[in-house]
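J.: Letter by letter, the chains look like this.
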Amino acid sequence: MDVLVPLPVVIPLLTAAGLTATGHFLGRRADDLAGIAAAAATTVISTLLVLRSLDHDLVYWFGGWTPRHGIALGVAFDVDPLSAVLAALAGALVTASFVFAWRYFDEVGTLFHVLMLVFLAAMTGFVLSGDIFNMFVFFELMSVCVFGLVGYAIEHRAPLQGAINFAVTNTVGALLLLFGIALVYGRTGALNLVQIGSVLQGSRPDGLLVVAFGLLLAGFLVKAGAVPFHFWLSDAYAVAPIPVCVVLSGVMSDLGLHAVGRIYWPAFSGVFSANADGLRGVLVGAGVLTALLGGTMAFFQRDLKRLLAFVTIGHVGIFLAGVGLLTARGLAGTTLYVLADGFLKGGLFLAVGILVRRAQDGDELRLRGRGRRAPMAGLAFLLGGLGLAGLPPFGTFVGSALIIRSAGDVGYDWLPPLLTAASILTAGTVLRAGARIFLGWGDADDPSLSHEPRAADEEPEKVPGRVSPPLLFGPALALIVVGLGLAFTPGLAGRATQWAQRFENRPAHAAEVLRGVVPPAASAPAFHPGAAPYVYGAISTVGAVAFALFGLYRRRLPTLLQRGPGRLAAGPAARLKALHSGIVGDYVAWVTFGATALTGLLALTLR
Amino acid sequence: MTRQTRIGLFAVSAAGLAALLLWAVAGLPDFGHYRGPYGKVLNSVAVGERHATNVVAAVTFDYRGFDTLGEEFILFASVMGVALLLRHERGERERLTTRIHSDAVRLGGAGFAAGLLALGLYVVAHGYLTPGGGFQGGVVLASAFALVYLAGDYRSYRALAPIPAIDFAEGAGAGGYAVVGVVSLLLGSAFLHNFGPLGTTGTLASAGSIPFLNIASALEVSAAFLLLFTEFLEELAVTPGDG
Amino acid sequence: MSYLPYALAVWIFAVGLYGVVTSRNLIHLVVSLTVAQSSTYVLLLSIGYVNRGTAPIFADVPKGTRAVDPVVQALTLTDVVVSVTVASLLLALALQAQKRTGKTDPDEVAAMHG
Numbered sequence: 001m002d003v004l005v006p007l008p009v010v011i012p013l014l015t016a017a018g019l020t021a022t023g024h025f026l027g028r029r030a031d032d033l034a035g036i037a038a039a040a041a042t043t044v045i046s047t048l049l050v051l052r053s054l055d056h057d058l059v060y061w062f063g064g065w066t067p068r069h070g071i072a073l074g075v076a077f078d079v080d081p082l083s084a085v086l087a088a089l090a091g092a093l094v095t096a097s098f099v100f101a102w103r104y105f106d107e108v109g110t111l112f113h114v115l116m117l118v119f120l121a122a123m124t125g126f127v128l129s130g131d132i133f134n135m136f137v138f139f140e141l142m143s144v145c146v147f148g149l150v151g152y153a154i155e156h157r158a159p160l161q162g163a164i165n166f167a168v169t170n171t172v173g174a175l176l177l178l179f180g181i182a183l184v185y186g187r188t189g190a191l192n193l194v195q196i197g198s199v200l201q202g203s204r205p206d207g208l209l210v211v212a213f214g215l216l217l218a219g220f221l222v223k224a225g226a227v228p229f230h231f232w233l234s235d236a237y238a239v240a241p242i243p244v245c246v247v248l249s250g251v252m253s254d255l256g257l258h259a260v261g262r263i264y265w266p267a268f269s270g271v272f273s274a275n276a277d278g279l280r281g282v283l284v285g286a287g288v289l290t291a292l293l294g295g296t297m298a299f300f301q302r303d304l305k306r307l308l309a310f311v312t313i314g315h316v317g318i319f320l321a322g323v324g325l326l327t328a329r330g331l332a333g334t335t336l337y338v339l340a341d342g343f344l345k346g347g348l349f350l351a352v353g354i355l356v357r358r359a360q361d362g363d364e365l366r367l368r369g370r371g372r373r374a375p376m377a378g379l380a381f382l383l384g385g386l387g388l389a390g391l392p393p394f395g396t397f398v399g400s401a402l403i404i405r406s407a408g409d410v411g412y413d414w415l416p417p418l419l420t421a422a423s424i425l426t427a428g429t430v431l432r433a434g435a436r437i438f439l440g441w442g443d444a445d446d447p448s449l450s451h452e453p454r455a456a457d458e459e460p461e462k463v464p465g466r467v468s469p470p471l472l473f474g475p476a477l478a479l480i481v482v483g484l485g486l487a488f489t490p491g492l493a494g495r496a497t498q499w500a501q502r503f504e505n506r507p508a509h510a511a512e513v514l515r516g517v518v519p520p521a522a523s524a525p526a527f528h529p530g531a532a533p534y535v536y537g538a539i540s541t542v543g544a545v546a547f548a549l550f551g552l553y554r555r556r557l558p559t560l561l562q563r564g565p566g567r568l569a570a571g572p573a574a575r576l577k578a579l580h581s582g583i584v585g586d587y588v589a590w591v592t593f594g595a596t597a598l599t600g601l602l603a604l605t606l607r
Numbered sequence: 001m002t003r004q005t006r007i008g009l010f011a012v013s014a015a016g017l018a019a020l021l022l023w024a025v026a027g028l029p030d031f032g033h034y035r036g037p038y039g040k041v042l043n044s045v046a047v048g049e050r051h052a053t054n055v056v057a058a059v060t061f062d063y064r065g066f067d068t069l070g071e072e073f074i075l076f077a078s079v080m081g082v083a084l085l086l087r088h089e090r091g092e093r094e095r096l097t098t099r100i101h102s103d104a105v106r107l108g109g110a111g112f113a114a115g116l117l118a119l120g121l122y123v124v125a126h127g128y129l130t131p132g133g134g135f136q137g138g139v140v141l142a143s144a145f146a147l148v149y150l151a152g153d154y155r156s157y158r159a160l161a162p163i164p165a166i167d168f169a170e171g172a173g174a175g176g177y178a179v180v181g182v183v184s185l186l187l188g189s190a191f192l193h194n195f196g197p198l199g200t201t202g203t204l205a206s207a208g209s210i211p212f213l214n215i216a217s218a219l220e221v222s223a224a225f226l227l228l229f230t231e232f233l234e235e236l237a238v239t240p241g242d243g
Numbered sequence: 001m002s003y004l005p006y007a008l009a010v011w012i013f014a015v016g017l018y019g020v021v022t023s024r025n026l027i028h029l030v031v032s033l034t035v036a037q038s039s040t041y042v043l044l045l046s047i048g049y050v051n052r053g054t055a056p057i058f059a060d061v062p063k064g065t066r067a068v069d070p071v072v073q074a075l076t077l078t079d080v081v082v083s084v085t086v087a088s089l090l091l092a093l094a095l096q097a098q099k100r101t102g103k104t105d106p107d108e109v110a111a112m113h114g
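Here the protein sequences line up with chains A, B and C, keeping their order.
One point on numbering: in the numbering used here, the residue at position 519 of the first sequence is 519, and numbering is uninterrupted.
One point on numbering: in the numbering used here, the residue at position 112 of the second sequence is 112, and numbering is uninterrupted.
One point on numbering: in the numbering used here, the residue at position 88 of the third sequence is 88, and numbering is uninterrupted.
Here are some chain B residues the structure puts well away from chain A; computed CB gaps all over 12 Å:
# : residue
1 : A114
2 : I215
3 : A237
Straight-line C-alpha distance at most 20 Å; calculated EDC-like pairs for lysine to aspartate or glutamate:
#  : chain 1 : residue 1 : chain 2 : residue 2
4  : B       : K40       : B       : D30
5  : C       : K99       : B       : E231
6  : C       : K99       : B       : E234
7  : C       : K103      : A       : E155
8  : A       : K577      : A       : D446
9  : A       : K577      : A       : D445
10 : C       : K99       : A       : E155
11 : A       : K577      : C       : D107
Since the hints were made in silico from the structure, they are not lab data.
Backbone N, C-alpha and C fix where the C-beta goes; we use that ideal spot for every residue, glycine too.
Chain A extracted, bound-state conformation:
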């Protein structure tokens, strides 16, 4: 067993514990340096794990408990390149966030760094684990760390609301997960994912299995922020400190979707494969709904962090649709898209952070034109927005090309136009904000954008003083550059597809994990995108620019155009915005509704 496997979890945890125990006695920069070192080490080791798992999974049994007669006694980590790459993404984003946060959190001593390090360990553990209860433990560990971090700015009301909504909604999601786990355990007597799959081999999809899968799905989708479980996300990401948002938006939301794939393929694909079309329809439908709603709501925001929060939701919808296609190519494409998108969103959040630090304000309209003094941040915005639009051949293009081809393979030709529309909405909004802030374009006021009242007694977000420019701008630009440049790794698409295919082959996967049978190395098929992805990418980019201009100059359109469609859209838009009430009772009611609807739909389509 490879000794590197537990390290992405152990190193951050030990560093966090060490900082707590000795924090009172160490110098002032110790926590910043220790944090950066630990996060960087985790990133490097996760990248090494990617390289070491290229041909076959790395299986690690904690406590040395290798399976006996095909029964797993201990907890296993099941490392494959797609999961390890997400662990590396988490490490990279946390490292960048620590660099940006140099001296940001001095007043709370080591607390910020400790929580972020434990958060990093939880993310890597969640993504590498092959045991369903172990995944739950890391899921909760992630949540608990973030509950505290989101409520950091306790002097204001909004962070309290964000943290409460986050905590209550995610806990309800965790309960759904736990219910699902208990049901699965009751049926199979196993907690290891591939063992569950082996026991369920040949089973009929009866009530218990369908509902259990539905609950597990609902639980993970709450974390991911899919509709109608998404309400907490916009509240929480709008109020968390910027260094935390970088990680939340860049990777945590996407882990929920990765988990859906991670439990479906080893454990449930055998049971549901006969009715996969129905499941596919439900997941892709939910994805499209999320993508369009996220993009629409993003358009109506003027607070930059809340805007990016809805952009995150929009992209979660795209990823859900990608994973929901239930093909190897879809999974591969989604992971690559998540990777590039994570870097780009992280860089965008850091750019927003630079603006907030310089101008002490995070509102798009109030910042109009004031970004001229921070051209580097403007560059990050422009490149980030174009990257999100899927400008070929950069960044997210490879991932979306795979998803488009996969959609064609299963006959979902209506999917790519819808996903393109979603990315036009999200990228266009980002470009609109960038143009308004850095170029001063657009109107000075726009009443359709949600106005966040600033109470008279609340001071603006307290932000620390000057920090050297490289520390400020470096991480943002570095993340954007990596996000755009990832697409140029040679042969990436083909190899990602090959890695994803390892999931599809359930019996071989089970043999590998439970009996140590190493499968023969497969060759990676070359991937030729064809013309369609380029066309969609071009449409998306041009569309995003056009949509940005529309957003900027909407009120200067001829009155005729404004009156008809404008009035038509105003009513539903207002109702949609009103749904996002900020009240936790509403949110939990929606989670209950979503869980019931999702499980009910699965019951109808999977039997």
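For chain A, the structure is supplied; the task is to place chains B and C on it using the hints.
T.: Just chains B and C now, kept in the frame of chain A:
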């Protein structure tokens, strides 16, 4: 949404969810007829393999010890989170709460606190032999300290449990658990592989490294609860500008 | 009759969620959430029960005695710890909400919407 709409939406959804859940649990094995192999295998091999008579402790600290590491850190992170959320701004003065005056209560409280301390240590120490363990005993230990506050006064409680010491204990407990795992790595086996002499079943000197993990978690849990008590009690003791 | 414990778990879950959705006080909300969480303990422990089985502790019973499932007990232990941690964080937030806004009604704490 108005409250009525919300309750309506919830009522309909919950009814549907309950129906689906009842349909699901109908597929479980009958109550009392647990079939799965996992528990049965462990019940038959755990005592022999690890010389620990409490199989639940063997599962918690050995077979599924990695889950427990995560659980330790969940507690750890929540305490850090509470400390972050309840931190004090400058300008909030400390005002100590009243003390109990009755000697009988104070004496009784001290006696019980000592008893609880002994009970807690016993429960922790025998965790892998009889019902109990680091988590259970740790909570009992923390309650002994809480009793000092309840039957005495805040100042005595704070004197017994100073924050830097508890922070250190918290970090040492959580880190200690991880360090035991690393020791296994250094010894060439898997992370958290049991090491050390297995000893005689049924005595305190048994079960290899399970006692170390047990003690580490007891340290961490008691420190965590003490920190939680202190954080919340400080809210009572501190009032902004109140005479 | 043999599914009653499981149905009980479902009922507790529903009741807890109802409390969360309709709560008018943040402390009450936290307690309702704890009630909902306890439904998972009931479910897990009921699943592991073996008729006429004793606790999986063999200190004073011979090794081969029929015992209940130890794994769900370990899972429940973890679950309890998780509940406690979430409750403590939410209570801290409730406390701060009361300090900052003077209100404890979750319907009135909201500052952001749309």
